Structure formats: structure tokens, C-alpha cells
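We have chain P; now place chain L onto it with these hints.
Note that the protein sequences, when read in sequence, are chains P and L.
Once you know that position 90 of the first sequence is 90 in the working numbering, the rest is easy, because the numbers rise by one and skip nothing.
Once you know that position 250 of the second sequence is 497 in the working numbering, the rest is easy, because the numbers rise by one and skip nothing.
Honestly, the hints are just simulated from the structure, not real lab data.
Since we're looking at a predicted model, the values are computed, not measured.
Don't be surprised by glycine CBs; every beta carbon is placed ideally from N, CA and C.
Warning: the hint list may mix true and false statements.
[Said to hold, decoys possible] Covered stretches of chain L (in silico footprint by chain P; criterion: 3 or more residues with CB under 8 Å from a CB of chain P, positions within the stretch not fixed):
(1) 323-330
(2) 333-345
(3) 358-371
(4) 410-417
(5) 480-486
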Amino acid sequence: MRDVIAAEWLKVRSLRSTRWTVGGTALMVAGSSAVDASTNPPGSRFELGDAFPLAGFLVLIVVTTGSGSSTMLGEYSSGLIRATSVAVPARTDVLLAKATVIAALWTIAGTVVAGSSFTIAGLILGDLTLSRPGTGAALLAAILIGPVCALIGLGLAVLVRHAGAVYVTGIMLLILAPQLFSTRQELPRAINHAMPLPAWQRLTQAFGTPEAVGDLYPAAPHAWLTYVLWPLTLLVAAVLVHRRRDV
Amino acid sequence: MTGLAATGTVTGMIHVDQLTKRYGPTTAVAGLSFTARPGRVTGFLGPNGAGKTTTLRVLLGLDAASSGTATIGGVPFRSHRRGLRHAGALLDPQQAHPGLTAAVHLAALARSNDLPSRRVDDVLAEVGLTPVAHRRVGTYSLGMRQRLGVATALLGDPPVLVFDEPVNGMDPEGVRWARGLFRRLAGEGRTVFLSSHLIGEMAATADDVVVVGRGRLLAAGPVAELTGSGRSLEDVFLRLTSASVDYRAGGA
Chain P
1 MRDVIAAEWL KVRSLRSTRW TVGGTALMVA GSSAVDASTN PPGSRFELGD AFPLAGFLVL
61 IVVTTGSGSS TMLGEYSSGL IRATSVAVPA RTDVLLAKAT VIAALWTIAG TVVAGSSFTI
121 AGLILGDLTL SRPGTGAALL AAILIGPVCA LIGLGLAVLV RHAGAVYVTG IMLLILAPQL
181 FSTRQELPRA INHAMPLPAW QRLTQAFGTP EAVGDLYPAA PHAWLTYVLW PLTLLVAAVL
241 VHRRRDV
Chain L
248 MTGLAATGTV TGMIHVDQLT KRYGPTTAVA GLSFTARPGR VTGFLGPNGA GKTTTLRVLL
308 GLDAASSGTA TIGGVPFRSH RRGLRHAGAL LDPQQAHPGL TAAVHLAALA RSNDLPSRRV
368 DDVLAEVGLT PVAHRRVGTY SLGMRQRLGV ATALLGDPPV LVFDEPVNGM DPEGVRWARG
428 LFRRLAGEGR TVFLSSHLIG EMAATADDVV VVGRGRLLAA GPVAELTGSG RSLEDVFLRL
488 TSASVDYRAG GA
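This is chain P alone, in the form it adopts within the complex (with noise of 0.2 Å):
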């Protein structure tokens, strides 16, 4: 398993658009980060959700679901697939070792993006504090956002296979699912609640008792479920299909 892991972060790893990728996000994330702190209104104290903003974080969904399909569709569409296939007949382990590759690449660069962030908007309000109740779960979920999202993309990646189809369903899925399903019904709210944006929202911004929190957002570990429960349910549907598909 090693050895196909390894050839996985070498292609990942070689690709140009791998740096400017990773490179690019972090500079939004931060810049996202500086300007929702340093258009607070004056004398208003560093806040978390002023760490993690809602306009950089939601590129980074968008990047790395992106990030996560690119790693199947690039083989798909190149071909290399079938050179894959010849190499490593065990398909199972190609894709757990892309899987694993791009969850360490976007854990590694989810560190830096959120630790930046959080560094710049708490050195722009002052008051910076891990010890704060809460800061760190929402540190560790601003960080875990990237792979979970890198994840589902290669998931989709595999169910769906065409490029197009992939980003939308992604972006359907990651971004507007949770507008689209009201939190002020039973039913619409359980979808919501069951989404991975409302999931991360919870963590990074919402703190507090369940009672201060409301119906807004799930319950703190109700989120973290949703965080597993997304990649894991895709990746293993996407080992079942990749495994019996015709490539």
C-alpha cells in the first residue's frame, strides 16, 4: 500500500497547479480573514468568526472539493487510468491512496490556512486566546473543512465521473443545499443540519449552550458526525462502483 501512496504524492506533488492551488487559497483565506477584521466596527474585540469568514472559507470548500475530484478526473480525462489500472490491478488501493495523498496534502495546507487566518484577525482585534472555550474545536474544524471537502470531491469524482456534472453536484451539495432547506421546519432543518456547511458553521462560529445556539446549526458532535460520516459513506460507495466499473 506504501508504494502506491507513494507514487499518488508524486503526481500530486509534481502537478504545477497543486502549489499555485494551495498557494492561492491560503492567500484568499487570509486576505478574507484581514479584511472582515479590519472592517469591525472600531473597538470591537476578536471575535472567531472574525478568524474564520464565511467568503474565504467558502473558497476553500470550493478548492478543495475541486482539488479532491481533479486527483480521479485528471485520469479520467488524460487517460491515465488505464495506465493506473495496468500498474496497480487492485484498484481498491489506488483510490484509498488517493484518498490518502489528498487528505494529508489538504490537512497540511488546511494548518497553514486556518492558523493564518486565525493569527491575522486575532493580531488586527488583539484579545487572542486559545484558551477561550471552543477555540479549539473551531481551530481543528476551520483545518479538517479541507480534507473532509477534498474527500467528498474524489468521492464524487468516481460516482460521477464527468467533470462538469462533478463541480455542480459538488457545489449543490457543499454550498446551496444548506439555503435551500430551512432550519425553521422539522424536516427541512434535519437535511440542513446533516449538511457539512452548517456542520463547520457550528464549530467555527456558533458557541455557546444548545439553548443560546437555537435551531440555527446541529449540535456540536451531531457536526463532527456529519464531518466523518460525508466522506466516508462516498468513499466507500466509490470503492464499491470503481472497483466493478469498466475504466
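Chain L only, in chain P's frame:
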């Protein structure tokens, strides 16, 4: 490279038995059986749409057979966890990421099979791509991509080599080089299985031929036997396939 394995199957033998592959309502291969042996170049001939590429895809585990079997060395190729030491293949010149260099493309494949990295330099030199090894594949001509495909196939030093239309897009020097390479690989005891439309090229390269049309076997045997009594391989091919050609100029 050759030799009898414990099961009595010759190492590196390609064996296709009653193979059928359907895509929805279309039957691409219908009950095809043939054998390609070590130490020989076997040509795989047939008109467009005869099922050649489909057969090769099933043989290499890219597509699943609808029924029947296709084995290399007595086992389905997909039963291997890593493939490059068992068989090498050039199925399409488009089988490398345009954003990667040839050196990285080959290094990644070598790494996935735990092959020593010097194999990358060896095969690049073998196909003459060493001077352009650090250029991105997206900048390669068709002939260069074919050479990269041949390099990919040779990477694991396998006993079986499968090439689908390998000389497409190669210049005359490249065609001659490929012919010499295929002969040499067979001379080393490997099974060389080669599909092509170019009958003249096949007549000059192959020991045996397998001729298919509309997914069925039309003829198989040594070139010398098929072309006995002074007929050219082209004459034999056209006579065999006259009823299996899907597209013909002039509406005839």
C-alpha cells in the same frame, strides 16, 4: 522468461477462451478464442469495430468480460495486486497526464510497483526519450506519446507485452525502430501481442496472426501458413474480412 509453471500453463501465455463482451445492446466480442505464445510476435488484425481494443481491455482487466475468460500466464490479470512485472501494455497514446513530465509519469508508475528507479532511465533510453524526459507530456507529438507508451509497457520488464496500434503516428524511422524492438522482445522469450491495421507492417513483424471481424475469430495461425501459395497477407486479410467490414467507401 518461458517455461512450464506447476499448473502446466506456459508462463506468459495469453489465452482467450469463448470471450464475450457486451456494452448494453452492442456485442463487441462474441465467443472469441485464441492463444498467443511466448517467444513469438502475434499480430491481432481486424477491421474497425472488430473488437480488438475491447479484447485487449478485457485481457488487461480494464473491462470485465460478459462471459468467457481472458488470461495471462493462466490467471486473470486482475488477480494481481501489482501488474507491471506480469504484463506491460500500450493501449492508447493518451495514457499520461499532460501536466506531468515523462520522467515523473514513469517514476510514479515504477514507485507503485516497487520497481527500482533506474528502470525509468533504462526505458527512457530504450525508447529514445531521454533528451525530452523532463518535458511535460502535454507538449509531446503523437509519435513521442507512442514511445512513452512503449516505455510504460517495458517498465516492469514483463514476460508479456500488449500493444494496441503502437506505430500509429510514428515516422518511418520510428516504425522501423518499433519493428526491431518487437522482434527483439520476442527473441528474448516474451509474448508480444500486437494489434494493427497496417497489414504490411504486420507481415514484416509478426510470426503468427489472429484475424477477427465483428467480434468473432476469422483465422489464426502462423503468417507463413496463411500466406502460402504466394498470396500476400493483405489479400488474405481482405478476403477473410470481406463480410465483416462495417464501413466501406463508395457504398459497396
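Structure-based check of each hint:
1. 323-330: holds (count 7)
2. 333-345: It holds, with 10 qualifying residues against the three required.
3. 358-371: holds (count 4)
4. 410-417: violated (count 0)
5. 480-486: Since 0 is below three, the answer is violated.
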